[in-house]
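J.: What follows is each chain in one-letter form.
Number of protein chains: 2
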Amino acid sequence: MGSHLDTQPTGGRYDGILGVLAGLEVLRTIHETGYQTEGPIGLVNWTNEEGARFPMVTVSSAVWAGSFPLETAWNCREVASLSQGPELRTIKQELIRTGFLGETPASYEVQPIGAHFELHIEQGPVLENECKKIGVVTGAQGYNWYEIAVKGRDSHAGTTPLHSRKDSLLAAAKMVTASNEIAKEFSGLVTTGIFSAEPGSINTMAHTVRFTLDIRHPSNSVLTKMVERCRQSFERIAREDSECGVQVIWTSLTENSAVEFHPDCIAAIELAAHDLCFNLPGQSSDHKKWRHIVSGAGHDSCNVSKRCPTAMIFTPTRNGMSHTPDEYCSPEDCILGAEVLMGAVIRYDALRGQRGQLV
Amino acid sequence: MGSHLDTQPTGGRYDGILGVLAGLEVLRTIHETGYQTEGPIGLVNWTNEEGARFPMVTVSSAVWAGSFPLETAWNCREVASLSQGPELRTIKQELIRTGFLGETPASYEVQPIGAHFELHIEQGPVLENECKKIGVVTGAQGYNWYEIAVKGRDSHAGTTPLHSRKDSLLAAAKMVTASNEIAKEFSGLVTTGIFSAEPGSINTMAHTVRFTLDIRHPSNSVLTKMVERCRQSFERIAREDSECGVQVIWTSLTENSAVEFHPDCIAAIELAAHDLCFNLPGQSSDHKKWRHIVSGAGHDSCNVSKRCPTAMIFTPTRNGMSHTPDEYCSPEDCILGAEVLMGAVIRYDALRGQRGQLV
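Note that the protein sequences, when read in sequence, are chains A and B.
Residue 4 is where the first sequence starts when you use our numbering, and the numbers rise one by one after that.
Residue 4 is where the second sequence starts when you use our numbering, and the numbers rise one by one after that.
Just to be clear, a hint being listed does not mean it is correct.
Where chains are identical, the list cannot tell them apart; a pair therefore holds if satisfied intra-copy or between any two copies.
As the list claims (entries may be wrong) - When the alpha-carbon atoms are kept at most 20 Å apart in a straight line, the in silico DMTMM-like pairs for lysine to aspartate or glutamate are as follows:
id	residue 1	residue 2
1	K187	E243
2	K291	E188
3	K95	E28
4	K228	E238
5	K154	D329
6	K95	D9
7	K95	E74
8	K154	E238
9	K187	E97
10	K228	E188
11	K309	E263
12	K291	D278
No lab work stands behind these hints, which were simulated from the structure alone.
Generate the whole structure from the sequences, applying the supplied hints.
T.: Have a look at this one:
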C-alpha cells in the first residue's frame, strides 16, 4: 500500500494523507487480529508527490520505477516561494537534514513490490454527484502540460487601429476559447490555469502573453489528436485572427501517457467494494454504490504500475474540491475506503498465495 | 503652446518632448527674427502628463482647467515600482524637493490662456501609412477604462468535468474575444492590456481573473453603446458559457468624454499646413500631404480645450510605435511639425489681434 503525506501549500487534509493513514490502519488491524498473510504487506509514504516544494511531481515513485536517475531527483531544488533559508536547498540536502536519507535503494529492481494499492480521495465531483461511495479506479488519464508564448507587438491602445495590431493577448484569449471547444469535441479536458501579459499596462497592448495548457484524455491516441488540433487551431488564430499576425511558441513541460491499471488488482478491489457496499442504504441489485472510474489526476500509482500490478480506490470528495483547505471526505467514507483497501489487499494476498508469487 | 517632458518608464524621446522643444524653438525664432506678435506667446511644460510615476494622467492641465482641486493633485502618491526611497512620496513633496513648486496658481481663472496649440507625435500608424506629413487634429476620442473581475471556483484540472466547472479564466478569455467583436461592429477600439489569474497553477482552475478594458470611440454616444454591449455580452458569457456560471464585477477606473477642438485653432493649423506642405514631394492639388485626424490618445490639450480654444498638430510616427525606446519621428518631420506649430500660432495671434482678444 502507498500514497503520500505531502500537500499543496494551501492543500487539504485528505489528498494523499488518507491513503497513508488508512494503510497504517490496515497493518495495525491485520496485526491486532493475528491474521496470517501469504506474503509480506507493507506501506510506502512516497516523498514529494505534489511537487509543490520540490518541483518534480511523483518524484519518488518515478525513481523507484526507474523512470529517471536517483541523482536527478536528489538534485531537484526547492522553489523560492516555499524556501525558508537564504539559499534554495535540494531534496538530498533536506533528506540528510531531516534524517530520512535511508540506505534502502529506491529501486524496483533492488526493492521490488508485488502489487500496489492506493486509497485516495477522488478530487472530483463524479462519485458525489452519482451518490457512489467507492470508485474502483481502472486507470489514469494521460496528460500533457505546455507553456504557450504568444508574441505580438506592444502598441498604444488609443492610437493603433485594429487592423494594424499584433495583439498577443487577444490572440491568446481566442486560443484559450478554442482549446475549450476542442476539449468538448473529444470529451477530454483542457485547462488554462496560468496566464500572464507583458508589459501589463491598461492602454498598451501586451507584446508577450504566456499561458499554460493542461490537456487530458484517458486514451493516448485521442490525447495526441487533441494536442494536434490545438496546434492547428492556434496557428490559424495566430495567422488570421489577431489582425496582423502573432507568433506562437510551444514549450512542452511534461507528457504523461495514460495508464491502465492491472486486472487482478481491479478485480480484488471490485470484490471488496461489492462485499462492503452490500449493506449500505441505497445499494441494490439495480444500483451499486460503487463504480469504475478513470483518475483525472496523476498519482504515484501511475509510476508504480509500470513495474508491478497496481490499482487505486477513490472515496467521494465534497463538491469535488481538492488542493484547498475546504477539501473534505466524511469519516464514514474514509472508513469505508480503508475497509475496501484492506479487503482488496487481503484478496490479492490470497491470490498470490494460490499462485506462489510471494515477493 | 504646451506639451510635456515626462515619459513612460520605457518611453521614447518624442512623445511630449517634441512639443515642448518645438515650442521653445518657436519662441527663440520669433525672438531672433524680431517679429512683433499681437499679444504674449508662451510655453507650458505640463507636469506628469503620462501619469507613470504619479498615477494621475494629464494631472496639471486638469488642475489648471478646474477639473479637480489642486490638493487632490498635490496628494497624489508615486507608484511603488518607480519609487527610489523608503516611502512613497507625493507630487507636492517632489515639487518642493526639486524647487518647482512655483507661486503662480495653476488655474484658468487666475492664469488664463488665450489659445493652446500642441505639437505631438501621432503615436499611431495612420499618417505614415497614408504618406501624410501633418495631422490636423480636430478632436480626441472618448475613452473609458474598467477593471473586470471574474470570479469562479478553483478546482483540479484533471478531476473536474467541464460541466462541473466555474472556470473564470475561460469566461474571461471569451469576454476579451467578444469585446474585440464589439469594437469591430462599432468601428471603435477595445483593448485588454492587463490580465491576471489567481491562484496561478497549471493544474488548478483560476478562482479569480482580473482584466482591464480600454474602450474608445470619437462619439460619446457610440462609446456609451459599446460599453453597454460589453456589459450585456459579458453577462451572457458569465451565465451560459463557463459551464456552471461565474460572477462578473465591473469597476470603472476613468471615463473621458470625446473632445472637439476649436474651429479657429483648427483653421489656423490647416492654413499653416497647407502653406508649408506646398513644396513637398508628392503634394498636388489632388493629393494633400496633410489630413484631418482624431487623436486616439488623451492629451493635456483635451483638458485645456475646456477653457480656451485649442487644437493639436500630429507628426508621423515610425511604425506607429510609441511608449517604447523604438519611438521615432524623422528630423525632417520634426522640423515640419515645428514650422506648422509656429505658422498656426502666428496666424492665430494675428486673428486675435484683428478681434482685439489680447489675453
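J.: Going through the numbered hints above, which ones does this structure break? Give me the numbers in ascending order.
T.: 2, 3 and 9
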